[in-house]
Amino acid sequence: MTDALLLDVRNVSVSFDGFRAINALSLALKAGEMRAIVGPNGAGKTTMMDIITGKTRPDSGTVTFKGHDLTRLDEPVIARLGIGRKFQKPTVFEALTVTENLLLSLKGIRSPFSVLFARESVQERQRLAELLSLIRLENMADFRAGDMSHGQKQWLEIGMLMGQEPDLLLVDEPVAGMTDAETMATADLLREINKTRSVVVVEHDMDFVRALDVPVTVLHEGSVLAEGTLDEVSADPRVIEVYLGR
Amino acid sequence: MNAFSGQSVRSFKSVVWTAGLVLGLAVVLAVASLLPENSPFHVSAFAVSLAGKYLAYAMLALSVDLVWGFAGILTLGHAAFFGLGGYAMGMYLMREIGARGAYGDASLPDFMVFLSWKRLPWYWWGTDHFAWAMLLVLVVPALLAGIFGWLAFRSRVSGVYLSIITQALTYALMLAFFQNGFGFGGNNGLTDFKDILGADLHRPATRAVLLVVTGGALAAGLLASRFIVGSRFGNLLVAVRDSENRTRFLGYRPDQVKLLVWVFSAMLAAIGGALYVIQVGIINPGEFAPANSIEAVIWVAVGGRGTLSGAVLGAILVNFGKTLFTAWLPEFWLYGLGLLFIGTTLFLPSGLMGLWRPVRAAPPEEITPEVSAPEGEHS
Chain A
210 MTDALLLDVR NVSVSFDGFR AINALSLALK AGEMRAIVGP NGAGKTTMMD IITGKTRPDS
270 GTVTFKGHDL TRLDEPVIAR LGIGRKFQKP TVFEALTVTE NLLLSLKGIR SPFSVLFARE
330 SVQERQRLAE LLSLIRLENM ADFRAGDMSH GQKQWLEIGM LMGQEPDLLL VDEPVAGMTD
390 AETMATADLL REINKTRSVV VVEHDMDFVR ALDVPVTVLH EGSVLAEGTL DEVSADPRVI
450 EVYLGR
Chain B
50 MNAFSGQSVR SFKSVVWTAG LVLGLAVVLA VASLLPENSP FHVSAFAVSL AGKYLAYAML
110 ALSVDLVWGF AGILTLGHAA FFGLGGYAMG MYLMREIGAR GAYGDASLPD FMVFLSWKRL
170 PWYWWGTDHF AWAMLLVLVV PALLAGIFGW LAFRSRVSGV YLSIITQALT YALMLAFFQN
230 GFGFGGNNGL TDFKDILGAD LHRPATRAVL LVVTGGALAA GLLASRFIVG SRFGNLLVAV
290 RDSENRTRFL GYRPDQVKLL VWVFSAMLAA IGGALYVIQV GIINPGEFAP ANSIEAVIWV
350 AVGGRGTLSG AVLGAILVNF GKTLFTAWLP EFWLYGLGLL FIGTTLFLPS GLMGLWRPVR
410 AAPPEEITPE VSAPEGEHS
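Those protein sequences? They're chains A and B, same order as listed. Going by the numbering used here, the first sequence opens with residue 210, and the numbers climb by one from there. Going by the numbering used here, the second sequence opens with residue 50, and the numbers climb by one from there.
Because the hints were derived from the structure by calculation, they are not lab data. A hint or two may mislead.
[As the list claims (entries may be wrong)] Computed Cβ-Cβ distance ranges for the label pairs, DEER-style: (1) Gly241/A to Tyr210/B: 41 to 47 Å; (2) Asn229/B to Asp283/A: 42 to 48 Å; (3) Phe228/A to Pro170/B: 54 to 60 Å; (4) Gly247/B to Asp356/A: 54 to 60 Å; (5) Asp283/A to Ile213/B: 47 to 53 Å.
As the structure is a computational prediction, the values presented were derived from the model and not from experiment. Backbone N, C-alpha and C define an ideal beta-carbon position, used for all residues, glycine too.
Bound conformation, chain A alone (with noise of 0.2 Å):
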């Protein structure tokens, strides 16, 4: 079972001045499993997210990807590997268009030269089609990014990461600021997601995490303190005093 492991972190710990956000934080994710992290503001969630990208380096304890040590490699590198990240503020290229966000993500040429005289092939193209209307944004491929609503730039970071190609997509609260629809939308969209990669999912709405449908990992004070589903964590009286305070 643990040779199927995609991403396992192990024993990590991060302190900034003395603050340890992240403490001794063990997590492991098969390829192809979907993952929920709940937990307090301040449970470590961005941090840890941060720590698997590259964007922040651990102070002690491993995190292996596909047999690399992310711990050693820096965000582009780790992008390429085939990591994805969709952050919490929709973080998309406003003056550019939907299709040139898309095709900017599309897996492939990364250099600056070459990007410089690439020209869009007939495969980019069928990407473009096939991501545009995974994400329903077909009728506004040539919108400017900037002036679409939330909701739909939150959809749009999400194709973007599909367009890398990735094995892994760390999506951090992908629904803060939608509609009940628009969250509900999400939901079937990162399952359907989840059919071809895996996914961890860190998010407060637990209307959502329960249309996810899948196991629950809580963090808590950067440490793992349940996991099971939703609703064995959920009777933990450990979560609940976290969540409900002493």
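Starting from the known structure of chain A, fit chain B onto it as the hints suggest.
The following block gives chain B in isolation, referenced to the frame of chain A:
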């Protein structure tokens, strides 16, 4: 528009027009300057050298717009590259004087004889060859820009911090070039040029050709820049400008992206500087003065940032205004320039080019410099 054309809402059709216009203008003025003096269409030598100067400045403005308008790097030191290109050209022109200098020394420029130097410093070697000097025009600024950019972009220096160190760069060069021992004529710089490639610099025909060459270089610079910003790389530049972090998590290296356009821009500025020096006839450390670089930013702002054509338009118009102003009310020029900048920022945020296209899909680019603190996506 084809849904998948990948064509930006920012298209740069005007750039081709501007390139044609600039070259056409240069040719017309050049030809007119060669007409007999009693012809009603005759243009004076003064006007020709003035036009040449404006076009050289336009090249500097274009190079500033490339990095500021598209990569978000508010450079306040681009005159450094302009000046270096100018000095490299000046070295060749000095060597061309040969034994015709005041001291009649065939191998040493006058100022070296004056300082009683016996031998040519090593960095002057080969500068009597035009081709070598032209290589220096391109390579020296590119190297400096490369090293500077590599250090700055790698350590993720951006926003006002970067602007400040670009000022420091050009200021440091100014101080260095002021020193006699630096080997570039100190305070006086390089001047008293006689000819270029054997052609007398004071003959109208030579000056006419130089103007056309400058127009051609500017037109080529415009088209090359248009190719860059119109390519996928241009989109990547805008992406880096607006969300550097996102590009990093997509697997790009924004430092390399910025470095590429930065070095190209420096070379463009250097070519402008080289053409400037031939036509103005002098280069001295004053060209590195921090105010010059800031002025270039104002030209771009007035013309319209991120439009390429606007940079050229702004440079020509503002400098034309400067010529008129300094003839009538010299002491008020700086106030005029300041007011112009404030006025543009307040009332014409996308510059004169913004008037051209009142209704467009894309709202105007913000003129505000990116005062971004070191990036962070902390939640």
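### Message
Going through the numbered hints above, which ones does this structure break? Give me the numbers in ascending order.
### Response
5
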